[in-house]
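Q: From first to last, the protein sequence lines stand for chains A and B.
Using our numbering, the first residue of the first sequence is number 1, and each one after it goes up by one.
Using our numbering, the first residue of the second sequence is number 1, and each one after it goes up by one.
Just to be clear, a hint being listed does not mean it is correct.
Stated by the list, open to error - Result set (BS3-like, lysine-lysine): computed pairs, CA atoms no more than 27 Å apart in a straight line:
(1) B/38 to B/3
(2) B/38 to B/70
(3) B/38 to A/57
(4) B/3 to A/57
(5) B/38 to B/16
(6) A/9 to B/38
(7) B/70 to B/3
(8) A/9 to A/57
Claimed, not checked - A few chain B residues that don't get close to chain A, going by computed Cβ distances all over 10 Å:
(9) 24
(10) 26
(11) 60
(12) 71
(13) 111
(14) 113
Hints are computed from structural coordinates only; laboratory data are not their basis.
Note that this is a predicted model, so its numbers are computed, not measured.
Backbone N, C-alpha and C fix where the C-beta goes; we use that ideal spot for every residue, glycine too.
Here is how the chains run, residue by residue.
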Amino acid sequence: DSGVTQTPKHLITATGQRVTLRCSPRSGDLSVYWYQQSLDQGLQFLIQYYNGEERAKGNILERFSAQQFPDLHSELNLSSLELGDSALYFCASSVGGEKNEQFFGPGTRLTVL
Amino acid sequence: AQKVTQAQTEISVVEKEDVTLDCVYETRDTTYYLFWYKQPPSGELVFLIRRNSFDEQNEISGRYSWNFQKSTSSFNFTITASQVVDSAVYFCALSEYTGNQFYFGTGTSLTVIP
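Take the sequences, apply the hints, and build the full model.
A: This is the structure in structure tokens:
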């Protein structure tokens, strides 16, 4: 158990809908990262937050957004969902800065029908 | 541009054989970090090792060893005397020294046959 929690574990929804994925980092970790893992595109870095502020952006679509709250948990919002958004979404956390070993949560499997 | 290449998509070995997983990276940075992660069938990603670009010393941890060669931009991972529990997808990753931005390879799926 990495100490990172993600909810829900599974999510099934329809095209055009909006969903929110939640992540709680390990105690003491200030950085949160979001990744998308799909069969055809591998593990794609989406976005990183450090202590509430956005630090780095990867291949995140404009339909997706994220934020990190004062209690350090983070939410990834996916809107106008398309079939191609079906994937495993991972959250990872690290202490931050140079201490950037990432510890991953169990992931949320999103299925868009 | 930053990039991580794991040319081996799938590898199968018989139990007790040694196996090396290749990782080649590209970066313009002079300081950076390299990582290996394991993703077993259960799906969770497990951190294995982090190496910074200053340290080219090879590392051994039990049956696992890592060979970092800056001259060839490679960070290869060897499992000695493989076991069935080693069956997983292994990812190599590169990050900026600041801890921001991570780049993952496409992974190597290792199957250890009993």
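Q: Could you run down the list of hints and mark each one as holding or not?
A: Hint check results:
1. B/38 to B/3: Since the Cα atoms of residue 38 of chain B and residue 3 of chain B sit roughly 19 Å apart, the hinted pair holds (cutoff 27 Å).
2. B/38 to B/70: OK: residue 38 of chain B and residue 70 of chain B at ~23 Å, within 27 Å.
3. B/38 to A/57: holds, 24 Å
4. B/3 to A/57: Judged against 27 Å, a Cα distance of about 16 Å means the pair holds.
5. B/38 to B/16: The given pair, whose Cα atoms are some 19 Å apart, holds under the 27 Å limit.
6. A/9 to B/38: It holds: about 20 Å lies between the C-alpha atoms, which stays within 27 Å.
7. B/70 to B/3: holds, 15 Å
8. A/9 to A/57: holds, 24 Å
9. 24: Its Cβ never comes within 10 Å of chain A, the nearest being 16 Å, so this holds.
10. 26: holds, 16 Å
11. 60: Given that every Cβ of chain A is farther than 10 Å from that of residue 60 of chain B, nearest at about 18 Å, it holds.
12. 71: Holds: least Cβ distance 24 Å, greater than 10 Å.
13. 111: holds, 17 Å
14. 113: holds, 23 Å
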